[in-house]
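Colleague: In our numbering, each number is its position in the sequence shown, counted from 1, plus 50.
Be careful, since some hints might not be right.
[Stated by the list, open to error] Quick list of in silico lysine to aspartate or glutamate cross-link-like pairs, DMTMM-like style, CA-CA up to 20 Å: (1) Lys187 - Asp159; (2) Lys455 - Asp70; (3) Lys324 - Glu347; (4) Lys187 - Glu207; (5) Lys88 - Glu128; (6) Lys265 - Asp352; (7) Lys261 - Glu244; (8) Lys161 - Asp96; (9) Lys376 - Glu388; (10) Lys187 - Asp206; (11) Lys289 - Glu435; (12) Lys456 - Glu64.
[Claimed, not checked] Computed Cβ-Cβ distance ranges for the label pairs, DEER-style: (13) Lys210 - Asp352: 52 to 58 Å; (14) Ala73 - Ala260: 35 to 41 Å; (15) Ala317 - Pro67: 48 to 54 Å; (16) Asp159 - Asp70: 42 to 48 Å.
Note that these hints are calculated values from the structure, not bench results.
Beta carbons are placed, not taken as given, at the ideal position from N, Cα and C, and that holds for glycine.
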Amino acid sequence: MENPYQDAIKQLEEARPYLDAPADMVEQLKFPKRFIRKLLSVKMDDGKIRKFPAFRSQHNDARGPFKGGIRYHPQVNEAEMKALSLWMTWKCAVVGIPFGGAKGGVVVDPKTLSSGELERLSRAYMRVFAPYFGAWKDVPAPDLNTNAQIMAWMVDEYQKIQSQKSKVKSQNDESPYAVITGKPVALGGSLGREEATGFGGSIILKLLAAKLGLKKRHATIAIQGFGNVGYWFAHFADKAGFTVVAAGDSKGAVSVPKGLNPQLTLACKEEKGKIASCYCVGSVCDLRHGKAISDDELLTLDVDVLVPAAMEGVIGIHNVQSVRAKAIIEMANGPVTEAAAVVLRKKGVVLVPDILANAGGVTASYFEWVQNLSGYYWTKTLVFERLGEIMEAAFAAVWELAQEKKVDLHTAAYILAVQRVADAMMLRGHRAEGKGNF
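Work the whole structure out from these sequences, hints included.
Modeller: Next comes the structure, spelled out in structure tokens:
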């Protein structure tokens, strides 16, 4: 797989000719403002101490506090963290919410840990990174292999640390729940946060379909990845009248030409442990409704819209020529490599970038942060209404800019996002300050 950080830099370079910003400022935006490396010491169930490399990349905070998830995965690395933190900066900017970008991670396979070990790892992460976090400094959230329970452990650990410090109240102490988003509702989480990324993506799907003249019930969708994001995207797309003809996970995929039932498919997946044997149409799951295919085959199906909703780099030079979809909506972070994106443009495939398509999640996180700071909590209906308004406005701005500059949606989104960040930096009087603290 191509280096995601190099891809992130190439994407910034593509936007550069259209930017009204000093060259040295654009150069500065290639680098995180701060990159933190730590080693977590965790006591395992057998009594032994195990060390886990951990990172936090803080890219830019010109528009507001750093914002970005924490992921647990054995392949977490520095290049990935840097790339994801850049993408978070652009994602927050493209939808106009007052955050910058960050990303954190631990090199670990969480499936090999007991619940107690997972909790101790999560608390250890918060202990060593707490000085860098705060409602007005850096606000983490769940990401790959982390969830609301892990955020609950982390916010609890943060509150313990704060209570042990001086009793003098500071701005960072005013709302300890606001230090993390994606929390359980019982600990200050927001209604609608679980569905938000998929819901936001479905808004983009509807707007894109209208622009491309796709008829809903006749428009076919294939979704690679059927976790939280993929499932909720399928759920809302199905409710809107689109036909989801294929879905897959890391263990395989199913092709269901009549259109699968997302809710039944998820229940079947949870029961069987994989999606590959779940052919669910209407109210029943039956082998006659479809067939098993590989995850790689799903990416090359002849569909109207392909939705990669799992890992980065799944569409690259190795398979891009086989992609037959008319449009791609990037619900994962960086699922299409920059080299593959160039090929897709030449093929006439419409590519909606991740920084726009999956921004519903961070937008709902922003809503949670606002609710924590104000102490006033919204209904799910209000969350979805405001999320819909923001996603619609962002899509309209990107589409209009693409027409004005005569560029594709991917490039237009980056132009819009980077310009907004550069504008904030110039208003603050910021100029190039070196290439980050490594």
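Colleague: For each hint, tell me whether it holds in the structure or not.
Modeller: Evaluation of the provided hints:
1. Lys187 - Asp159: Not satisfied, since the Cα-Cα distance of roughly 29 Å exceeds 20 Å.
2. Lys455 - Asp70: 13 Å, holds
3. Lys324 - Glu347: With Cα atoms ~16 Å apart, Lys324 and Glu347 stay inside 20 Å; holds.
4. Lys187 - Glu207: 17 Å, holds
5. Lys88 - Glu128: Between Lys88 and Glu128 the Cα gap is close to 12 Å, so the pair holds against 20 Å.
6. Lys265 - Asp352: Judged against 20 Å, a Cα distance of about 16 Å means the pair holds.
7. Lys261 - Glu244: At roughly 28 Å apart (the allowed maximum being 20 Å), Glu244 and Lys261 break the hint.
8. Lys161 - Asp96: Judged against 20 Å, a Cα distance of about 17 Å means the pair holds.
9. Lys376 - Glu388: Holds, because 18 Å separates the two Cα atoms, which is no more than 20 Å.
10. Lys187 - Asp206: With a Cα-Cα distance of about 18 Å, the restraint between Lys187 and Asp206 holds, given a limit of 20 Å.
11. Lys289 - Glu435: 16 Å, holds
12. Lys456 - Glu64: Measuring from Cα to Cα gives roughly 13 Å; hence the hint holds.
13. Lys210 - Asp352: 52 to 58 Å: 55 Å, holds
14. Ala73 - Ala260: 35 to 41 Å: 38 Å, holds
15. Ala317 - Pro67: 48 to 54 Å: Since the Cβ atoms of Ala317 and Pro67 sit about 50 Å apart, the hinted range of 48 to 54 Å holds.
16. Asp159 - Asp70: 42 to 48 Å: Holds, since Asp159 and Asp70 (Cβ atoms, about 45 Å apart) stay within the stated range.
The structure fails hints 1 and 7 (numbered hints given earlier, in ascending order).
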